[in-house]
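Here are the chains, one letter per residue:
Protein chains: 2
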Amino acid sequence: MNFLVIGGDAAGMSAASRAKRNMPEMNVTVLEKTHDVSYSACGMPYNIAVPEKAIEDLVVRQAQVFREKQGINLLTGHRVESIEPKEKRVAGVTYEGEKFEFPYDKLLIATGGSPIVPDLPGFDLPGVLVLKNLDHGRKIKAYMDEHPVKKAVIIGMGYIGLEMCEALRARAMEVAMVKPNLNFIPWMPDELSDEVQKEAAANGVALHMGHSVRKIERANSSLAVVCEDMTLEADMVIVAIGITPNNELAIKAGLETSVKKAIAVDRMLKTSDENIYAAGDCADAYHVVTGEKTWIPLALRANRAGWAVADNICGSQMELDGVAGTSVFKVFELEIARTGLTLKESKESGFDPADIVIKSRSRAHAHPGSTTIYVHLIGDIKTGRLLGAQMVGKEGVAHRISAAAVALHNKMTVERFSQTDFAYAPPFGPVWDPLLTAANQLLKKMP
Amino acid sequence: MNFLVIGGDAAGMSAASRAKRNMPEMNVTVLEKTHDVSYSACGMPYNIAVPEKAIEDLVVRQAQVFREKQGINLLTGHRVESIEPKEKRVAGVTYEGEKFEFPYDKLLIATGGSPIVPDLPGFDLPGVLVLKNLDHGRKIKAYMDEHPVKKAVIIGMGYIGLEMCEALRARAMEVAMVKPNLNFIPWMPDELSDEVQKEAAANGVALHMGHSVRKIERANSSLAVVCEDMTLEADMVIVAIGITPNNELAIKAGLETSVKKAIAVDRMLKTSDENIYAAGDCADAYHVVTGEKTWIPLALRANRAGWAVADNICGSQMELDGVAGTSVFKVFELEIARTGLTLKESKESGFDPADIVIKSRSRAHAHPGSTTIYVHLIGDIKTGRLLGAQMVGKEGVAHRISAAAVALHNKMTVERFSQTDFAYAPPFGPVWDPLLTAANQLLKKMP
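Those protein sequence lines, which keep their order, are chains X and G. If you read the first sequence in the numbering used here, its first letter stands for residue 76, the second for the next number, and so on. If you read the second sequence in the numbering used here, its first letter stands for residue 76, the second for the next number, and so on.
To be clear, the hints were calculated from the coordinates, so they are not data collected in a lab. One or more hints might be untrue.
No copy is singled out in the list; a pair is fine if it fits within one copy or between any two copies.
[What the hints assert, rightly or not] Calculated lysine-lysine pairs in the DSS-like style (CA-CA distance at most 25 Å, straight line):
(1) K128 to K327
(2) K95 to K520
(3) K422 to K336
(4) K95 to K519
(5) K434 to K144
(6) K335 to K216
(7) K144 to K519
(8) K226 to K290
(9) K95 to K434
(10) K327 to K345
(11) K422 to K290
(12) K214 to K226
(13) K519 to K216
(14) K457 to K520
(15) K163 to K207
(16) K161 to K336
Construct all of the structure, not just a fragment, from the sequences and the given hints.
Take a look at the structure:
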């Protein structure tokens with residue numbers, strides 16, 4: 076059997092490795108357009124923060140290990156340009172300009188996502204950079220090595236933008252962030268969002284909400300980010316306004332797409348073509364709360380989906396439950412986490428949500444070093460179900476959220492969740508865990 | 076309605092407060108034999124570690140607040156000596172020696188537990204101390220204030236003993252621990268237990284496993300803990316070999332008991348008498364994994380059970396799911412957590428367990444500051460169910476365990492648990508959370 080994989084990052088290499096482990100006799104070929112495979116994309120902001128670290132430190136497994144130890148035919152510098160589903164064949168061109176064709180019995184599209192760059196003047200100027208793949212990180216580090224970057228502007232305030240603002244402040248740059256939305260973290264209630272905003276401001280980040288960028292211009296020896304009502308000077312601009320699924324090959328091949336035009340896959344990761352799977356940031360998923368399709372491109376899903384594809388082409392019937400939209404990120408000393416639906420998403424999905432924001436503590440009454448933990452919890456009045464949770468705090472947030480995620484996978488009611496047996500000891504929280512306190516309070520609003 | 080509560084700590088005061096909130100017109104009387112109510116017993120080791128802190132810092136709410144703000148008839152120094160279920164009346168004697176009687180419509184027994192003290196010579200000597208209630212903590216601090224305590228011996232290596240060894244080391248004492256069992260933490264696999272043992276030893280605690288204490292003697296100006304094959308000198312001895320439920324009143328009143336002679340209660344916390352409830356360390360609980368009765372006296376259950384009693388006497392039908400046996404404690408820089416059944420308990424409960432120990436990391440590949448996390452995971456081969464989890468590590472252990480606890484409440488299979496959407500970001504763990512890696516590995520042993 077020929078198993079062909081397009082894309083050599085998380086989903087692609089997970090699938091290739093596992094397929095080879097499952098069935099060592101299988102022909103597994105991976106076509107990767109860049110020269111980088113299997114790296115920790117999420118680690119890039121933390122690597123960029125440290126000038127003396129090589130970006131290659133983020134490589135999890137070297138290409139030669141895949142080739143020599145695992146027997147995977149891993150071809151870098153191979154850009155696929157078309158998939159021909161009827162002929163079960165892909166065609167493309169190498170970095171050196173040579174054309175190639177590969178047949179397949181089973182194909183995995185793991186082409187990932189690309190940063191969105193607005194079609195506005197100046198976004199192609201030198202020093203205007205994005206961050207998604209390893210080469211982006213390499214370019215950012217090189218730019219900072221080669222230019223005297225004292226001032227940076229980050230366009231966008233999503234988690235990549237926020238992680239980057241911490242990285243650039245660690246390198247002693249002046250950092251300004253700008254975006255059109257007036258709300259700092261619009262998917263969180265103000266009480267939580269305000270804490271993160273204060274943390275960024277306290278760490279010297281200038282935040283400009285409510286400003287649409289019109290263009291970027293050269294200004295003196297550097298750049299100017301021009302909004303309608305103000306201009307920000309910058310030696311470097313990071314554009315971090317989101318990503319979009321790399322769906323071009325799939326669409327050209329006639330495959331179905333869904334939310335945000337991500338490639339549509341079933342619970343076994345199969346696309347609308349019997350022999351083609353998709354996994355990672357290019358593919359959609361079922362949401363465990365709504366049961367509907369969603370597109371939440373994150374690393375764990377990519378790895379898990381890659382594995383499931385390998386198992387399924389090897390004869391298993393591996394159906395994935397889906398995603399709860401669990402994520403966590405760090406902004407200076409704060410941990411910010413969420414799982415499940417936001418209040419807005421709850422309403423849009425047809426639930427009748429009640430929600431609550433509570434303040435609790437990261438350690439017990441009278442225990443030194445305790446800090447505030449904010450919890451936002453959402454439940455459905457009609458069914459009693461827990462719909463989502465969000466947390467902000469200096470400690471004890473990142474891992475607590477996973478308990479709520481497990482509850483969402485089980486479609487627990489807020490009442491049953493409020494009864495769960497959480498861990499307690501004074502150094503780690505109050506007797507009633509902040510999530511349980513939130514559940515107890517939320518129940519009062521769910522008659 | 077007269078609601079009478081025996082015992083003024085976690086379960087008792089939770090029930091009294093909530094009953095009064097539910098029904099302000101209710102007569103709520105609490106009879107507490109000591110003069111302390113509503114304190115954080117679990118905080119005592121951390122308080123004892125700091126000489127200048129008053130033990131009263133651990134009081135969560137003052138007696139006068141319960142009396143004046145909440146309208147609870149809180150009577151301290153009132154020791155109940157008998158319950159007469161037919162007459163619906165309790166009788167006792169005050170600290171000052173006066174007899175009293177109180178009628179009730181509904182009674183809650185929240186008498187807690189008492190430290191086990193072996194019936195051996197010398198355990199009644201001055202300087203031989205236990206730790207369960209606030210007065211015990213007060214006595215330990217007073218003893219240390221009044222005597223030159225340079226050497227301490229702790230008998231027992233359970234979590235109270237281990238928390239106390241850290242507290243006493245913080246006060247620069249020489250600390251030795253002794254117990255008959257050869258295994259340091261017998262309910263954990265060696266790989267995990269060894270890490271904790273190394274941590275205690277590295278912090279200067281002398282550990283003597285496999286030694287039965289025969290007696291305690293006066294020696295020079297201090298004490299000698301005499302084992303059959305060695306003698307340990309001490310200026311103070313802490314006896315921490317476990318607790319036993321305070322069931323005497325219940326047994327005298329003819330109420331049923333169960334595991335470890337804890338007072339037997341149903342899911343609504345009702346005893347074998349229609350009008351008598353029991354909650355807290357004196358009462359049993361259902362285990363969410365086995366569905367059988369168990370006795371795991373911990374703070375969260377006590378508070379939750381107190382609330383449920385209040386709701387039930389006020390007309391709700393509040394049934395508690397039970398306990399998963401989730402707990403966490405800290406030994407110097409290590410977090411040690413568990414939930415569900417141990418391997419031994421799994422076998423004893425009739426399961427056919429498979430288990431795995433894995434080593435993972437507390438932060439992502441290439442992220443600075445990462446430390447080892449050990450996970451022990453247990454599943455049932457017959458049903459595929461997750462049965463228990465244990466973790467040891469320097470960070471990221473305390474709250475992760477609650478995710479496994481939520482899974483146990485939902486009777487998840489290891490396979491479904493392995494599919495849950497945990498939070499990931501490089502500062503907080505690897506892409507595959509240590510619990511998920513353990514689940515993935517365990518699945519290979521569960522055909």
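Taking each numbered hint in turn, which are not upheld by the structure, reported in ascending numerical order? Per hint list: 1, 6, 11, 13 and 15 violated.
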